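Protein chains: 2
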Amino acid sequence: MSFAIIVHGGAGQLASEDRAAACANGCLAAARLGHAILAGGGSALDAVQAACSALEDDPLFNAGTGSCLNADGEVEMDAAIMEGTSLRAGGVGAVRSVKNPIFLARLVLERSPHVLLVGSGAERFARENGVDPHPSSLLVTERALERWRMERAKLIEPKPGTVGAVAIDGAGRVAAATSTGGTSGKAAGRVGDSPLLGSGLYADDRAGAVSATGDGEAIMRVVLSKVVSDRMAAGESASAATAAAIRELDRVGGQGGVIAVDRRGGLGFALNAPRMSRASIDASGREASGYDP
Amino acid sequence: MSFAIIVHGGAGQLASEDRAAACANGCLAAARLGHAILAGGGSALDAVQAACSALEDDPLFNAGTGSCLNADGEVEMDAAIMEGTSLRAGGVGAVRSVKNPIFLARLVLERSPHVLLVGSGAERFARENGVDPHPSSLLVTERALERWRMERAKLIEPKPGTVGAVAIDGAGRVAAATSTGGTSGKAAGRVGDSPLLGSGLYADDRAGAVSATGDGEAIMRVVLSKVVSDRMAAGESASAATAAAIRELDRVGGQGGVIAVDRRGGLGFALNAPRMSRASIDASGREASGYDP
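In the order they appear, the protein sequences are chains A and B.
The opening residue of the first sequence carries number 619 in my numbering; numbering runs sequentially from there.
The opening residue of the second sequence carries number 619 in my numbering; numbering runs sequentially from there.
Incorrect hints may have been included.
[To be verified] To list a few chain B residues with every Cβ distance to chain A over 10 angstroms, as calculated: (1) Q631; (2) A657; (3) P677; (4) L763; (5) A858; (6) R904; (7) G908.
[Claimed, not checked] Here are the simulated distance ranges between beta carbons: (8) B:R869 x A:G659: 25 to 33 angstroms; (9) B:S704 x A:Q631: 21 to 29 angstroms; (10) B:E760 x A:E764: 50 to 58 angstroms; (11) A:D675 x B:H752: 37 to 45 angstroms; (12) A:S634 x B:S704: 34 to 42 angstroms.
No lab work stands behind these hints: they were computed from the structure.
Predicted model, so just to flag it, every value in this text is computed and none were measured.
Ideal Cβ placement from N, Cα and C applies to all residues, glycine included.
Make a model of the complete structure from these sequences and hints.
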């Protein structure tokens, strides 16, 4: 069995060609990181975590460092990770003082009897499991602060954004990961689709793995990632399944994008948003990246 | 079009025949309350909210008053409500000082741009929308406290529990509602399946409406309610869809139950747990209640 990975850096109306290209490049760097793990015999779970973590650390993306700010001007992040062999998963919602929410999600998967921890309870779980506190202020970039000021002044529209990765490893195991600062200007305590199994992500070795991005509330209402997964379980390719599923968002007036890998190692993506930055390395080792539909 | 409703009071190993019978009676009272709303021309959304609210106020059930306690000995509740015409939904997770979490979920549906609010952010939304603070201590029953003490002493096993209702109204609209105190002894900040669209509940006029109960983490990992909904969308009856979907829980070693109404007004339930208290009033007005499989 050959291995493959695809990552995205969020869907929406990107600011400029330069920025869009930079985001696609950031996605490619993350895909290469995950691919190296797969090439070394590592698991899909480790690969998607590493790719997601790299995107969290890249201030270009709305996840980890560079997260957008909520209505209070605070960072609150969501993330989740899932593996497709036994459907184990971990997620965190509305967490603040953590450098890499995807690492915390992995800890929930490994060490908690629960699947989803939120708010102060999730932070306490982090401390109890040796995750160092990371001051929120270190997560806030100049750009995020400027965007928040302009949104407050109604000069620009708030926007969503997420990063995500899906992969299949040499053993045929799939995994998915998502991480986000959420929709800018969101209410405190808002949890979006990203940490919710079936909505922001899904992984099942019998189908494939999926990660979604875009209007979180719309994605939740149609349970978008499960729709893609079910189509792949029925035999559709990742490409066909993502193309068909993205139309579900039209029903609820949402915009977004979705990436997937099917159980045969095929990669696919689809979007009904103007753009989605992404990058992939397929089973033959071929690299691709871009941002236009 | 005729109307119908089915409610459940949680799945699991109930303590005694007396208690099981009392729970079934409580479910029947809640079903009658929802049915009266439907009979008066009210919406499925109002009916499931009223039924759920009645079960929250009944200290027999693990929701609202009578909620079980988490590892810290605190009440933290989850609830959600969804309507199937335009897929609008509202949910709250890990909330403490609210008498009726399902009412707060309805407010999220009506007044928030978001679908899911958790923790202190959800409480703030409650206060901003005129919901009176309700001291947690008023939610804690003697029985919940005694159960918590015995669990701490390892004399009994922690158990999950949820209440839920689904209905179809005279206009053919469906809705679903769930509410819970969660799994007893859970970590602070744990959010279960109950407030998550596709997991604890789902409603879609093209399919029907679903509410699940049982091991929340297992339900989340298989996105149980969406599985039932998809089967009904493909033409299966509520009865057939629930019976088929409950087997998904076996894959992840979970126990639970599920209730559903299909778009033709047919009612169904299924469980792989030892018991699930429930009651229904079908399209011909016939009442039923019980707790054995």
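Going down the list of hints, with the structure as the test:
The Cβ of B:Q631 sits about 19 angstroms from the closest Cβ of chain A, beyond the 10 angstroms cut-off, so the non-interface label holds. The beta carbon of B:A657 sits about 29 angstroms from the closest Cβ of chain A, which is more than 10 angstroms, so the claim that it is off the interface holds. Annotated as non-interface, B:P677 keeps its C-beta farther than 10 angstroms from every C-beta of chain A; the closest such distance is 25 angstroms. No beta-carbon of chain A is positioned within 10 angstroms of the beta-carbon of B:L763; the least distance is around 21 angstroms.
The beta carbon of B:A858 sits about 18 angstroms from the closest Cβ of chain A, which is more than 10 angstroms, so the claim that it is off the interface holds. Taking the minimum C-beta to C-beta distance to chain A, about 33 angstroms, the non-interface status of B:R904 holds against the 10 angstroms cut. A cut-off of 10 angstroms between C-beta atoms confirms that B:G908 is not in contact with chain A; the least separation is 30 angstroms. Taken as a hint, the range 25 to 33 angstroms holds for the pair B:R869 and A:G659, whose Cβ atoms sit roughly 27 angstroms apart.
B:S704 and A:Q631 have their C-beta atoms about 25 angstroms apart, which keeps the hinted 21 to 29 angstroms range intact. Judged by the Cβ atoms, the range 50 to 58 angstroms given for B:E760 and A:E764 holds: they are separated by roughly 55 angstroms. Our hint of 37 to 45 angstroms for A:D675 and B:H752 holds, since their Cβ atoms are close to 42 angstroms apart. Roughly 35 angstroms separates the CB atoms of A:S634 and B:S704, a value that falls within the hinted 34 to 42 angstroms.
Of the numbered hints stated above, none is contradicted by the structure.
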